[in-house]
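From first to last, the protein sequence lines are chains C and G. The first sequence begins at 1 in the working numbering and counts up by one. The second sequence begins at 115 in the working numbering and counts up by one.
It is worth saying that the hints were derived from the structure and are not from the lab. Incorrect hints may appear among the rest.
Part of the chain G face toward chain C, derived, beta carbon under 8 Å [stated by the list, open to error]: (1) Y147; (2) Y162; (3) F179; (4) S180; (5) G199; (6) F205.
Where a beta carbon is used, it is the ideal one built from N, C-alpha and C, also for glycine.
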Amino acid sequence: AQTVTQSQPEMSVQEAETVTLSCTYDTSENNYYLFWYKQPPSRQMILVIRQEAYKQQNATENRFSVNFQKAAKSFSLKISDSQLGDTAMYFCAFMKQNTDKLIFGTGTRLQVFP
Amino acid sequence: NAGVMQNPRHLVRRRGQEARLRCSPMKGHSHVYWYRQLPEEGLKFMVYLQKENIIDESGMPKERFSAEFPKEGPSILRIQQVVRGDSAAYFCASSPVRVEQYFGPGTRLTVL
C-alpha cells in the first residue's frame, strides 16, 4: 500500500522569504502522480501544483516549485517570496495511475509572519 | 464556471439520525469523489462515482454509509444512524477526465 509522509507538522516563515515543505512517499509503482494541495482557514482544498512521475523536469507554478527526486521518493514544495495569503495547511498527495484515488499526507501547517 | 458546490456547509445531527450530504460537480465533470477529513488529519478517500455507477468504494465503511450519483441531480453521500465518530469534514471533488480533482468547500458534520 502507498503511504505519504509529511514530517513537519508546523513551519513558519517571514514574509518575502523562501520556505520548503517536505514530503516523502512509499510505492512500488513506476507510474503515478504527485500533488500539493493548500487548505487555508476557509478549509477549501486548492490544488497548488502537480507532477507526473514520468517527467524528469520539476513542475513550477509562479512562486511554487517542487523538487521531485524519484529514486529517493521525495517531493518537496518550495514557496518563494512568501506572502501572508500563503498561510494554510499544505497537504502532499499521491495518486497511482488509473486509480483516481488520492492518498494524502497528514499535512504541514505553514504560518507566514509579516 | 461555478466550482464544485456542496451543501449544506454545516450539518448538525443527533446520534441515530440520518445525514445527507450533497455535491454538485463542476459543469462538464462526470467523475465525483468523496473524502473524509477527521480533525487534525489529512483527507481519506471514501468513494469514486461516475453517473449512475460506483467505480471504487474501497474507502467506504461497510455499514451505514452509501453514495450515489444519479443521472440527474447532485451526488449524495448518505450516513444512516450517525454516531459521534462520524463527526468530520466531508469533501467532494470532481474531475472532467480523471487525475486532476477539484474540491468543493466541504460539509462539516457534527454529531451530538
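Going down the list of hints, with the structure as the test:
Interface hint at G:Y147: satisfied, since its Cβ lies 7 Å from the closest Cβ of chain C, which is below the 8 Å cut-off. Because the closest C-beta pair between G:Y162 and chain C is about 5 Å apart, less than 8 Å, the hint holds. Taken as an interface hint, G:F179 does not check out: its beta carbon lies about 16 Å from the nearest beta carbon of chain C, beyond 8 Å. Checking G:S180 against chain C by beta carbon gives a least distance of about 18 Å; that is not within 8 Å, so the hint is violated.
Interface hint status for G:G199: violated, as the beta-carbon distance to the closest one in chain C is roughly 19 Å, over 8 Å. Hint status for G:F205: holds, given a least beta-carbon distance of 6 Å to chain C, under 8 Å.
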